[in-house]
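Colleague: So you can see what is in the structure, the chains are spelled out below.
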Amino acid sequence: MAFGPFLLLALMEGLVTAAVLALAASGLSLLFGVMRVVNVAHGAFFMLGAVLAWAVDSVVPAPPALAFLAALVIAPLLVASLAAVADGLILKRLNYDPEATIVATIGLLYMIQQATLALYGPNANPVTAPFELRLQFPWFGYSGYKLFVVVAAALVLLALWAFMTRTKAGLIMRATQVDRTMARAFGINVDRVYMGTFALGAALAALAGVLIVPIQQAHYLMGGDPLLLSFIVVIIGGLGSLRGTIVAALIIGLSDGVISMFFSPTLAKIIATLLVAMVLVFRPQGLFGAKA
Amino acid sequence: MTKTTFNPTRRGLLMAGGAGLLTAALPSYVAAQGAPIKIGFQLHRTGIGASYGRWYERTAQAALKLINDGGGINGRPVEILFDDDATDPARGAEVVDKLTQSDGCEVVMGTLFSHVVIGSAPRAAELKVPYLVCSEGYHVASGMLNRWTLQPGITDVRSQISAMAPWVSANLGKKVAMIFPDFAFGYDHRDFFTAAMVAQGGEVIAQIAVPPTETSFTKYFAQIPAETEVLYHVMVGPGVLTFVKELGEFYGSGAKPQMFGFIDSLEAVDTATPGLEFLEGTHFWEAHNRVKPADAGEHEAAYRAAVGVDDNGASVSDAADVATYSHMFSTWETLFAIKAGMEASGYAGPADRQKFVEAMEAMTDMPYGIERPQGAKVFNGKTHQVFGSQNISQVQGGKLVRVHQTLMEDGAYPDAVDYTTMSF
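First to last, the sequence lines map onto chains A and B.
As numbered in this note's numbering, residues 1 to 292 make up the first sequence, in order.
As numbered in this note's numbering, residues 293 to 716 make up the second sequence, in order.
Just so you know, these hints were derived from the structure itself, not from any lab.
By construction, the Cβ of each residue, glycine as well, lies at the ideal position given by its N, Cα and C atoms.
Hints are not guaranteed to be accurate.
Unchecked claim - To give a feel for the contact side, a few chain A residues facing chain B, derived at Cβ under 10 Å: (1) 70; (2) 132; (3) 136; (4) 220; (5) 265.
Chain A extracted, bound-state conformation (with noise of 0.2 Å):
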């Protein structure tokens, strides 16, 4: 292939990658901002996601499409709700201590993969696309839903920004992020906003799972590849930061996507981390993380 068309079709491999980790880190770094928790069992949301958007597939007696949108709302709102009470019965009774949260979701991630495997299965099952289309290019052919994603994502990104800045709510979580004490002595319940914020990472990485599952499949071990992507995307934005978050998410996918194709993806994951062990020791705090 000649070095135009390699180039159109690694970056554009590389928009779909950085897509799905903006999505899926976006959640770890709410979290992180605003409860100071890091969440290991963020990858296990993202499996559940995907998981449950091929039962609700296999439930509904819809055609795909409908199918598609019916998961996108239930799978995410299943997540948050678990996360919610994951919230409320564990990392609450830890007083989110930084330490006893990141042992507590280690735990919890080994109970969602566990219990996935035992109620689902070890097998990996395909999710019918919402639509067929192929954009047939002069050199190769690409899966017009993996554009799809690109854009669903970017548009729930700039849902996301417009709720943190734009809502009360939003208001009410950047507050409690800045000084939680002060935000309790403004009469704001920060138990319900860590509540929040946990189930509303959870659901942002479960719908990272939705629209990713027709282009993978469905399977337990799903979560670990974008577990580490996404830490590896929060550490180099800066933990706590939306606009970091994208940047970095940007940044790795598309390098990922450029240098898997020229080179090698060993060496894309090589470089990957490389950038992580340079960030943390020479800008600790990420690209745009505040100094701590």
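Following the hints, put chain B in place on chain A, whose structure we already have.
Modeller: Only chain B this time, still in chain A's reference frame:
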């Protein structure tokens, strides 16, 4: 608040320790005449090999029923103890250990993925327990493993490839790009197919390795050179459906090379799945034809009925549950090979394990029969590897149709090891 602490007395500790030692010293099993022969089965019940594990278990159960209905082995009933290795090498070695030491199994059989086999075989040798694998890899015949590890149920990759490369180069093209999984099994494909093509006057112009846990494949397809005449693909893991779907999207309605795939890329996947229309006319290796050929052997129908597979290679109870048909026969044939080995050695208990391995090594001709539904085979006792014939199928009307069958001698290669000279 009061705190209770663990405050043991010296006597208590001594008694507990003594009790522990006594328990450990108890024999883990008591072999008795007429007691069942226990066979351990290391199974990919979970992890990336789960679709194989599901069918391996069903096939082994079906073979077990047939053996027990026929009077068992040496007059004793047979029992299989399945244990999940999670398709993980470390866990695999633990499973061999547990099946042998705690469960009292006489031999351990089963698993497919080469990294699990390579990770488990050393433990089997340490325990001096026969370890009969169904893994296809060349690691048995290459001499990499040990005297206790045998592969009597499925031909290895090197032989499969040597048998088929001449057909590929004569019928499909000379310039080949290869896509294979990035671990031992894939390297067997890479090394031996490349060598076999060179021997045929062909050339492998690209070798693209993909990690078996990969979930997105388009980025690898971009590395296929434009001048490729034949795309040789073999993929494993839960992502195989995504792999073939993305391959279809990548080529779309544009020009595409000839394709020759190992059925691994499609095991447990329905060839009629939407998005796979591009496979029409492409070729696949199959050890055992998924779609029952018109001229199938006389035992084919009985085998399919026993394992619960219809003529299209799907479960009789669920047409969407497609079998790993080209691999699962190996567990059936291995179980019958164990039966033959135990009968030949007069196997009575763990003390006869060495005699059992020697009896296996003495085997040569393994004729076609209900014990070997895939076909006749020849066992090489020196390399611990069995050899049989292979099939090349073409997708016609969405179904795999056999177009060529190799001869057993097509897959012959010189011995690389003589395990019989090694100590036990």
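Colleague: Against which earlier hints does the structure fall short, listed by number upward?
Modeller: 1
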